[in-house]
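Enquirer: Next come the chains, spelled out residue by residue.
Number of protein chains: 2
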Amino acid sequence: MTKFADRMEHVSGSAIRELFKLLGDPEIISFGGGNPAKETFPVDMVMGICDDLLTQKGTVLLQYGATEGYGPYLDAYIDYVGKEKGIKADRSNVLAITGSMQGIDLICRAFINPGDAIMVESPTFLGALQTFNLAQAKLVPVSMDEEGVIIEELEEKIKLHRPKLYYCIPTFQNPTGRTLSLERRRRVAELAAKYDMVVIEDDPYCELRYRNEPLPCIKTFDDAGQVILLNSFSKTLSPGIRVGAALGAPEKIRKLTICKQSADTHTANITQAIAAEFMARGLMKPHIESILPGYNSKMNAMLDAIDEFFPKECQCTRPDGGLFIWGKMPDGVLTLPLFERAVKEYKVAFVPGEHFFCDPAIGRSTLRLNFSAEPIDRICKGIEMLGGLLKESL
Amino acid sequence: MTKFADRMEHVSGSAIRELFKLLGDPEIISFGGGNPAKETFPVDMVMGICDDLLTQKGTVLLQYGATEGYGPYLDAYIDYVGKEKGIKADRSNVLAITGSMQGIDLICRAFINPGDAIMVESPTFLGALQTFNLAQAKLVPVSMDEEGVIIEELEEKIKLHRPKLYYCIPTFQNPTGRTLSLERRRRVAELAAKYDMVVIEDDPYCELRYRNEPLPCIKTFDDAGQVILLNSFSKTLSPGIRVGAALGAPEKIRKLTICKQSADTHTANITQAIAAEFMARGLMKPHIESILPGYNSKMNAMLDAIDEFFPKECQCTRPDGGLFIWGKMPDGVLTLPLFERAVKEYKVAFVPGEHFFCDPAIGRSTLRLNFSAEPIDRICKGIEMLGGLLKESL
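Heads up: the sequence lines are chains G and A, in that order. Take any residue in the first sequence, count from 1 to its spot, add 107: that is its number in our numbering. Take any residue in the second sequence, count from 1 to its spot, add 107: that is its number in our numbering.
Simulated from the structure, these hints should not be mistaken for laboratory data. One or more hints might be untrue.
You can't tell identical chains apart in this list, so a pair holds if it fits in one copy or across any two.
Below, a list of computed lysine-lysine pairs in the BS3-like style, where the Cα atoms sit at most 27 Å apart [unchecked claim]:
1. Lys266 <-> Lys110
2. Lys164 <-> Lys392
3. Lys245 <-> Lys110
4. Lys110 <-> Lys195
5. Lys264 <-> Lys110
Please read these numbers as outputs of a predicted model, since none were measured by experiment.
With the rest of the complex left out, here is chain G:
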């Protein structure tokens, strides 16, 4: 059989996506996914928008579009980030992407030769790790504390490895739920400028804030044009429409656009137009505000249940927003076998944390809990059962 490319050798598909194919059983209480709650989807609004769009410009939407993006979508996004995030941009700064996963991938293509170093928070989003592995990059993890990545270690490792890219999720990070502090955001932008390193600021969760004040994006400190901000509508509007945006310096966006021509020509017009209308009609902010209380209640229910039922030895994060809580059991307690027991014996699922580390051995006693997918009664019941299992494992 024809030999596959070298890059395929150490890649086996997303462990989580494989894992969760097994979880078809509706009885299973799942804290394992990262899906937004289905009750948050504004189906009726999307339906109305689709009707209007197809009536008014059906032939434009069904025809080929520009690789850069559908004009009204780019303009609505530029307006939105200007008002909501204080970022000034024009069309030369923006590329419409097929979800922010595509943004990560296009940046790898534009910048990474095999062997180039990419720095990542440890732990981090495993989809990004998989993309970086496919790009045959050398991954350099940087430790975090409760305020996010540790800047001294970041700079030290930058000096040592001279990375082309630093990938981070500064707000309500996946998987930890942690948020990078204001001062550290400023420092990341400084380091990017000082060491000629591109920062991928992946920011899909920032609008899901349930308490405390929003922090500015790293991009707002980016005088050197080294930060590429990735935004997604997956967590606010719908992940199934696969629409996001990359925002950065024009020469970088231009190269990403060239890569995107080869990747998928352009993102579907109709899905871009749905997101555009949602923003342009002023629906986005009220919609987000309408879904926050439900998520907040779920997070609080999970945190309360953790306090009540988890062993004290399991250290859990207390995020200000997002979709995830992160737990750390004492070293030596292995969460992968616990996952299997949890699913089979207790019908509760979580994600064993090791998948989120460059070196899984470091994360063998960690776990990620998602609180968005289940109703509150099942959250409490599931955490109680999981707590029992965790106590048993000590």
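Assemble the complex: chain G is given as a structure, and chain A must be docked to it using the hints.
Expert: The following block gives chain A in isolation, referenced to the frame of chain G:
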């Protein structure tokens, strides 16, 4: 500034896409694009389908989907290729893709290391050439005659270069409009098996047949599981929805699926669902039948006008379908400067053919004409003016 990856060095974006940004002037008669005629888009049907889909399964469509594709889409496609093309497949053979461009890209990622050889018809689709260049492949062109690629030359060059991939558009090829003969289709499948070479059978135009009988896909001769068929709904339903399918042996589809996880997680559910419904409701065949007469009239109008107005020295293909006619002027007549004069002085556009060749020098006196985008009166007028310019150039 952070250095871009080596693969970006010889890539400058699609020449045509750049060229046609200049053609905003509606006065210009354009034979340059490859867009389906906008009057063929079934806007009302799509609107009805969208309404029904969002009403019946809105939350499913707005949620994350499987990388493999939206189940009802995969099933409808499998049923469709079974009935229409006589290809037996199940879900393990199929991957939903974001347009067939993504299929070409994913196959490169799964198979191509820098320096690996890819064989292509000469000339061929320039989007594919760009993707192969980004993959840092060694491109090996194979000559064509009126029956498509010349098999003896193909085998000779396979022996010499041992390519991993052979990329071809066997039916109404872009840019030539030529169709690979039945016997040669069989031979391509044999060579793929004999020399352990994967064939990308890119087949977006085959349903746009205006005369003579359909030919079976190369895939139907593929006992060795070496052919990956790429289908697209861009030319039959809508290019703006960006939906296609890759069909091949399960172990190959599995690797493409892993690459797709990193590329865009999954294709938008709603656009897959639109295509699925279009097939499942039995709308596809009658819709295609309804658009063929219009395209046929346009092609005939262009061919008649060419007979009347083009110099005899310009040899043009006479396709049985598709969207393109290919012209060859005598060596020494350069079509790139003629393109500039045509646009500026005559307000007529075509594509200078050199962009479709691995070595542009070979194609300097060729041109591609698209007949789908303009109404018949403008086709006749445009060809008359272009004919005048071509005669002048001799």
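Enquirer: Which hints from the list above does the structure break, by number from lowest to highest?
Expert: Structure breaks no hint.
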